[in-house]
Amino acid sequence: MTHQQPIGLDALIESCTPGFALPRSFYTREDIYHHDIGAYWNNSWIWVGHISQIAASGDYFLFEYGTESVIVLRDSANDVRAYLNVCRHRGSRVCVEHQGNARVFSCPYHAWTYDLNGHLRGGRAMGPDFDPTQYGLFEAKVRVFEGLIFICTGETTPEIDTGLDQLRALAAPFGLGNLKAAHSASYPVPANWKLALENYMECYHCAPSHKEYSRSHSLKDPSSMTNELVEAMQQKGREAGLPSQVLSLPAEGQQGMNFYYRRYPLYPGYQTGSKSGEPVAPLLGNLTGYDGGTTDLQIGVLNNFLIYSDYVVGYRFVPTALQRTDIQVVWYVRGDAVAGQDYDPDTLIWLWHETSLDDECIIRINQEGVNSHHFVPGPLADMEWGMQSFYDNYLSMIRSGG
Amino acid sequence: MTHQQPIGLDALIESCTPGFALPRSFYTREDIYHHDIGAYWNNSWIWVGHISQIAASGDYFLFEYGTESVIVLRDSANDVRAYLNVCRHRGSRVCVEHQGNARVFSCPYHAWTYDLNGHLRGGRAMGPDFDPTQYGLFEAKVRVFEGLIFICTGETTPEIDTGLDQLRALAAPFGLGNLKAAHSASYPVPANWKLALENYMECYHCAPSHKEYSRSHSLKDPSSMTNELVEAMQQKGREAGLPSQVLSLPAEGQQGMNFYYRRYPLYPGYQTGSKSGEPVAPLLGNLTGYDGGTTDLQIGVLNNFLIYSDYVVGYRFVPTALQRTDIQVVWYVRGDAVAGQDYDPDTLIWLWHETSLDDECIIRINQEGVNSHHFVPGPLADMEWGMQSFYDNYLSMIRSGG
Amino acid sequence: MTHQQPIGLDALIESCTPGFALPRSFYTREDIYHHDIGAYWNNSWIWVGHISQIAASGDYFLFEYGTESVIVLRDSANDVRAYLNVCRHRGSRVCVEHQGNARVFSCPYHAWTYDLNGHLRGGRAMGPDFDPTQYGLFEAKVRVFEGLIFICTGETTPEIDTGLDQLRALAAPFGLGNLKAAHSASYPVPANWKLALENYMECYHCAPSHKEYSRSHSLKDPSSMTNELVEAMQQKGREAGLPSQVLSLPAEGQQGMNFYYRRYPLYPGYQTGSKSGEPVAPLLGNLTGYDGGTTDLQIGVLNNFLIYSDYVVGYRFVPTALQRTDIQVVWYVRGDAVAGQDYDPDTLIWLWHETSLDDECIIRINQEGVNSHHFVPGPLADMEWGMQSFYDNYLSMIRSGG
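The listed protein sequences correspond, in order, to chains A, B and C.
Counting from 1, one number per residue, gives the positions in the first sequence under the numbering used here.
Counting from 1001, one number per residue, gives the positions in the second sequence under the numbering used here.
Counting from 2001, one number per residue, gives the positions in the third sequence under the numbering used here.
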C-alpha cells in the first residue's frame, strides 16, 4: 500500500493560492496522478452502486477506478461487503466477471480460493507452515445509506457517520432504498479527474454551457432564485411531504464540504428535470405531489446526486489515467416502475444526457488549455465557492499521504 | 510559466562533446521533452504563417505546438497580434475553431470574453473587487517580415530585428509579402523534433537519401558546386535582379546561427526545383528571369525556407509528443497566381513532397536506433556543420531555463 | 551505454523478502523498466534463433527486444556473429529488412557502410583525420550451442561456457543442430516481461490454468510423478538412447539457476505432447524410440525449451514496453521433416498454442491486480521455487547496474 511521494510536492502545495484554481502540475504530472489514486481516492468514500444490484446472498459486482478493482457483494449473512480484487498470493485479479453470483472466488491463476467473507480456504500446496488466516482478501470499508453503497479501500477513512445521521431525515421522503437503475452511461473525457469533478462542483458555467439545464434550473443564476420562487416550492413541498432545510457539513470555514443537501426551485412550468417540464416517472418514496424543486445532494467529496420528485441521477468522475476520466451517470426511478409503461427511458435521460455531452466538450478544452506552460491559475468566482472546499480537502489529504 | 527542471540536466549537458551528435537522453526522456517546450520552444521565434491568411480585421488562425495553442489575428487597427489560447480564469481554450473571423473570443466554459486586443471585457459575476485589466490574454511577441509571421510566446525573446534588417535587401526581389499558399501538408514522423530539425540542417544525407533532390541541387555535393556553375548563376541573377551575397549571423565562432541566406546553383538544365527543370509557376516578385539557382533561407533557429525563382517552400518541425513531430510544409506562389492556370499543384509540390516522404522514413529509423541503450553519439561530418550551431543554441537555452 | 539509475532503487531492493513475490514497483515503474533493458537484458544471454535461419555467408536476421535491435549473421568465414543495429555516426538503424542476405550494411541515412565483420568501410566525406577503425558496429557476444544461437549485447557477460559443456552430452541425442522451424508465433500480452517469465518458471498454476497440459504432463502435480512412472520412462529412455541425469547449475543455494535439464514422464498413453498422445513428427536426432517423457531445458535465465522425442518448443518473453511483452514461441522438427508429409503443423502446435492462449489471459489479469496500490507480495509455494532463483539473479544484476 505504499507508493512514491511526488518530488517537490510540498513546495507545489505551498504554491497554491486560496481562491484561485490549482496549478498546472496537478493536472499534468504522472507521479501526482498515481499519488492521487494511492493517497486521495484510496482514502475517500466512493459511491459504487445501489443495493438493488446485489439482492441475494452471493450476488456481486465489480467497481473499478484508477488501478483498483473492488468486489462488492452480499455475504452469506446478507450483509454488503467489499474486497480488493487482488489475490494475496501473487496479486492476480481473483474475479474477472463484472457481475454475477458466486459462493467463492477462486483465483484463475493458482486457485487460491476465498469465501464470501474474504477468508482464504486453505491455499493449495502451501505446506504445513502456511497460515491461511493471514491471507484473506483485503476488505474495504462499506456504508449503505438508504440503499446507496459507499466504499473506502484505504486505512485512513474519513468520518462519514455523523453526516449520514443528519442527512437521514432529509432524504427519507424520497425512499432511496427502493430504487432501480433505469439507465447507466459512461462519458469518457480526455481530462484529469479533478477537472471533471470541478466542473460538477460549480454552476458558474451553467448559463454559457448548458442551454437545456439553464432553461429550467434557477441555480444557473442565483439572482433568478427569488424568494417568491423558493417560497412557492417550499409551500408545495410541505404539502408533498418534503423538509426544506439546507444541510452543509462541516460548517463553513472548516475544512472539507463533505455533506450538502439543498432543495431549490425549478422555473415555473417545470415539475421535474425534463424537456417539457412534465413528470417522467412515478413519484418517489412517500411523496404525494410535485413541488417544482430539485435537490443537490453531496455525500463525501466525490459523490453527487440530483433528486427530482420522480427520479434520481447519480454522478461520479472515475479516473482511468492521468488525463482520462469516465463520467459515470446512473438514472434511478422508483423500484417498481416499469420501462415503457411507467417511464420512457429516452425521455427520462434527456436532460442529463445532453448536459453530460456539453460537459465532455468543455472539460476537454479545459484540460487542453491547462496543459499549456503558460497557464496561470485565475481567481474563482463566487459561484465557484464549492471548489475551494474540494481543494482544501484534496491538498490536505495528498500532503499527508492519505 | 514554470516547469520542472529535468534531474541531472547540467551533468547531461556537460557530457556533450562538440562536433559529436547529442546523447540519447535528449531524444528519449519525457522530462527533457517537456523542458524543451517550456524552455526552448516557448523562448524561440516560430514561423506560424503568412499575412495572406488574415487579410481583414478579426481574421484569425490557430497555431499549435507541443502543449501550446496560439491565436494569431488582425486586430481592429489591422495589426498582426498573437495571444495564448488559454483563458485567464481556469485555463480553458478560448478559441476552438482553427480559423475564422471574430470580433471577440468568448471562452466556451464560463464566458469570459476578450476583445481583439486581448483585453478582458468584464468578467461575468466576478464581484466588485475584480480588476479585469489584470486578466487580459497573455500576448505573444510578433514580427512580420515580408509577409511571413513569426511569434515568440515566452519572456526571453531572442534578438531578431538586427538580422531581419540585414536580410531585407536580400529578400526584397522575391516579393515575399505578396504570396499565396498553394498547398500545405503535414508529415507526421515518430521521432523527437530535434531529429527532424537536424535532418533538415544538413545535406550530408542528401546524396544517399534523396535521389530526386540530388539530381538537380548542387548542395548535395559541395565539390560539384563549381566556380563555373556559381558564376553562371550569379551572372543570370544580376540580370534577373538578384543580389548574390551570403548572409550568416551571428558570425562564425559565435553562438547560434540564427540567420542564413545563401543562393546556390542548380545543375545545368534546371531553372527551378521541378521534375523537368522547367518553371512551375509565375516568376516571384520583381524577378525578370530565371538564374538557375535556389536560396536557402533560415530565420531564427527553427524556421527554414527554400526560395526558387517561381515558388517558396517553408518548413517547420512541430513537436507534438516526445517522439512525435509534425513536419509542416507550405508551398507558396505569387499572390495573383491561379491554380490550374498559372500553376499545376501536383507539379509544383512534386520535389519537396517526395523529399519529405524520404525524410519521414530516415528520421524514423534514426529515432529507432537512438533509442538503443547502446547508441553512442558519433562525429559530425563537415557537411553537418550547421547542426553544431543548433546544439550550441539549444544547450545554452535549456541550461538557463529559456 | 549509460542510463539513469532509478530513484530509490537500493531501498526498493532491500524491501524484497526472500520467498515472496516482488513488490509492485518492479512491474509498474517506467524508470525500472528502462533499467531492466539497460542493466538486465543487455547483460543477459538471449536465445535469438537457430543456425538453420542463416545457412549461407551473408545471411542475416534481426532480433529485437525493448529498445534494442541486433543483426545476427554469417560472416564471410561462415561464423555466426551479431552486431548492434545502430550506426556509429548518428545512430540510425543500418538494417531495416527483418531477414535477407547482404554483403555489406549501408546506413540508409548517410551511407556509412559496414562489412560482415562490422568494420566501417571508409566513412564518406569524413575528412582526413577520421579513423574508420574506431567506428565499427558494436559487436554482441555470440554462442552457438547445438545449433541454437545465443547473444549478449552488453559488457558484463554471464559465464555460460561451463554450463554448455556440461549440457552437451545430455542434449546430444536430440540432434538440436539439425532442426527446422516448423512454426513461429508471437503472443503479445499486456504485462511486464517479468510476470510473463515468472509464469513460465513455475507449474503451480498448471493444474488450475492448463487443462490440456495437465492431462498429459506429470509436472503439474509432483505427487503424481511416481517412481514407477519415472522408472518406466527411464527404462524406455535407455533403449531409445537417452541419458536420464538432472543438471541444475549453479548448485542449489548458490545464486542464479542458469542451467537446468530434467526429463520427466508424461502420463501413460502419451508418447509426446499432443492431443492424442501419438507422435506428431519424426523422431529427433539419434533417438530410436519414444520414452514417454519430455525435457525441461533452461539455458541462462531467460531461455526455455521443451524437448519431446519428436519436436522441440522454444520460449522467450520479449519486453516491448513496461507492460507489453511478446511471448515468442518456435516449434522445431527434425531438419529433413516435410510439412504435410512428415508432420501436420496444426497437430504439431496444438498443445503449446492452447497453453499460450491460457497464459495470455492469466498473465494479463496478474498484471491488472499487481497494478493495485493495495497489492502486497504474497508467499511463494514450493512449486514456485524456480522464481526465487530468478529474483536473486535479477535483483543482483539491476543493483550493480548490470
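Don't read these hints as lab results, they were simulated from the structure.
Be careful, since some hints might not be right.
[What the hints assert, rightly or not] Chain A residues, not near chain B, derived (Cβ > 10 Å throughout):
hint, residue
1, Asn78
2, Gly269
3, Ala339
[Said to hold, decoys possible] Sample of chain A residues facing chain C (criterion: CB under 7 Å; computed from the structure):
hint, residue
4, Ser92
5, Ala111
6, Phe138
7, Lys141
8, Phe145
Using N, Cα and C, we set each Cβ at its ideal position, and we do this for glycine too.
Checked hints:
1. Look at Asn78 of chain A: its CB is around 46 Å from the nearest CB on chain B, clear of 10 Å, so calling it non-interface holds up.
2. Even its closest Cβ contact with chain B, about 25 Å, leaves Gly269 of chain A beyond 10 Å, as expected for a residue assigned away from the interface.
3. Annotated as non-interface, Ala339 of chain A keeps its C-beta farther than 10 Å from every C-beta of chain B; the closest such distance is 35 Å.
4. With its C-beta approaching chain C no nearer than about 4 Å, Ser92 of chain A sits inside the 7 Å limit, and its interface hint holds.
5. Satisfaction of the interface hint for Ala111 of chain A is found here, the shortest Cβ-Cβ separation to chain C being roughly 4 Å, below the 7 Å cut-off.
6. A distance limit of 7 Å between C-beta atoms decides the matter here; for Phe138 of chain A the minimum to chain C is near 6 Å, and the interface restraint holds.
7. At its closest, the beta carbon of Lys141 of chain A sits 13 Å from a beta carbon of chain C; the interface hint therefore is violated under the 7 Å criterion.
8. A cut of 7 Å between beta carbons decides the hint on Phe145 of chain A: the least distance to chain C is about 24 Å, and the hint is violated.
Violation of the numbered hints given earlier is confined to hints 7 and 8; the remaining hints are satisfied by the structure.
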